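> Residue numbers (this note's numbering), protein chains in the order written: chain C, 1 to 96; chain F, 1 to 251.
One should not assume that every hint holds.
[Said to hold, decoys possible] Pulled a few chain C residues facing chain F out of the computed Cβ check, cut under 7 Å:
id : residue
1  : Leu29
2  : His30
3  : Gln39
4  : Asp43
5  : Thr44
6  : Tyr45
Source of the hints: derived by calculation from the structure; they are not laboratory data. Note that this is a predicted model, so its numbers are computed, not measured. Ideal Cβ placement from N, Cα and C applies to all residues, glycine included.
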Amino acid sequence: MGKPSQHLPLWEVFIRSKRGLDHKHVGSLHAADAEQGMQYARDTYTRRSEGCSIWVVRSTDVHASQSEDSASFFDPADDKIYRHPTFYDIPEDLKI
Amino acid sequence: MSAPALFEYALRLGDDALINGQRLSEWCGHGPFLEEDVGVANTALDLIGRARLLLAYAGTLEGKGRDEDDLAFTRDERDWRNVLLTELPKGDFGFTTLRQFLLDAYNRHLYDGLRSSKDGTLAGIAGRAAKECEYHLRHSGEWVLRLGDGTEESQRRAQRALDELWPYTPELFETDRVTEELEAQGVAPAAATLRTAWQRTVETLLRAAELTVPENAWPQTGGRQGMHSEHMGFLLAEMQFVQRAYPGLDW
Chain C
1 MGKPSQHLPL
11 WEVFIRSKRG
21 LDHKHVGSLH
31 AADAEQGMQY
41 ARDTYTRRSE
51 GCSIWVVRST
61 DVHASQSEDS
71 ASFFDPADDK
81 IYRHPTFYDI
91 PEDLKI
Chain F
1 MSAPALFEYA
11 LRLGDDALIN
21 GQRLSEWCGH
31 GPFLEEDVGV
41 ANTALDLIGR
51 ARLLLAYAGT
61 LEGKGRDEDD
71 LAFTRDERDW
81 RNVLLTELPK
91 GDFGFTTLRQ
101 FLLDAYNRHL
111 YDGLRSSKDG
121 TLAGIAGRAA
131 KECEYHLRHS
141 GEWVLRLGDG
151 TEESQRRAQR
161 ALDELWPYTP
171 ELFETDRVTE
181 ELEAQGVAPA
191 AATLRTAWQR
201 TVETLLRAAE
211 LTVPENAWPQ
221 TGGRQGMHSE
231 HMGFLLAEMQ
241 FVQRAYPGLD
251 W
């Protein structure tokens, strides 16, 4: 984990906008604990009415895929176009 | 109700908000860290926005054609009605935080009461302000807990700030002809009720923060009569500089 940081712990901020149903990652901030993280998320990321719900998550609790994994993780999907639903013939009398 | 009393009252509310906001805005760019810098500036902006509404209303009540800018930028020290507590220099972060906590707790109960004011304009302004106050108190209250129940140094500084600030708090609940008239008419909440509610809120949190509530000392007062501390002139000089140097300048 490296040497101890002089900063407060890092938190990832997720905001649910009024329009959408999903919380979306909007950025990160430093805070001593969850309550403070919530307040700073409110002050930093919702001051222009961007949201109606906030999640804060300790950045250390996020497990991220590594860039060196991307060849084995993501490239194999590139040549499997049959996974996209574009090969089905849609019956003419089906109303979508 | 008499317009002069209501004018005076709106001016007091507006001046408290503006001077507190001005002091708080001094932290902008100087906060202990970036997130708190944004947090403090948000509160300062809320207060200045509230002051605009209140001073604009005061100008209307006065009926002499003065708008919010005239009242904010061309009044001399003796014409300001804010409590001394708001004008004291910002001090260290502990001092600013404790001051803000004492004021936020006061504002929270004050604007909560004003929501049912018989004066429709004040009630309308209070509807918006009360929500802001609730958040401000949550933010400053959290910091008081953190500082009071924190390290030895943060505890010492928080207690020192509290001891310095305490004698300035009775001025918030002072009564005179203006408050008595407006209380009787249901325009302003009763000072005695406010004081009881404020004391309960403040003392509960101070104790939770392991801070000692100071003994009542000789009250520092005079702001409502325009008798300010030596710090007020410097604050006004900075805040009013542009309008004083270039009268009527607009941009």
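> Given Leu29(C) was flagged as interface, is its beta-carbon under 7 Å from a beta-carbon of chain F?
With a closest approach of 5 Å, the Leu29(C) hint holds.
> Min Cβ distance, Asp43(C) to chain F: is it shorter than 7 Å?
Status holds, d = 4 Å.
> Next item in the hint list is His30(C). Is there a CB on chain F closer than 7 Å to its CB?
holds, 6 Å
> Given Thr44(C) as an interface hint, is its Cβ closer than 7 Å to any Cβ of chain F?
holds, 5 Å
> Tell me if Tyr45(C) is really an interface residue toward chain F, meaning its C-beta lies closer than 7 Å to one of theirs.
violated, 10 Å
> Would the stated hint for Gln39(C) survive a check requiring a Cβ distance to chain F of less than 7 Å?
holds, 6 Å
Checked against the numbered hints given earlier, this structure breaks only hint 6.
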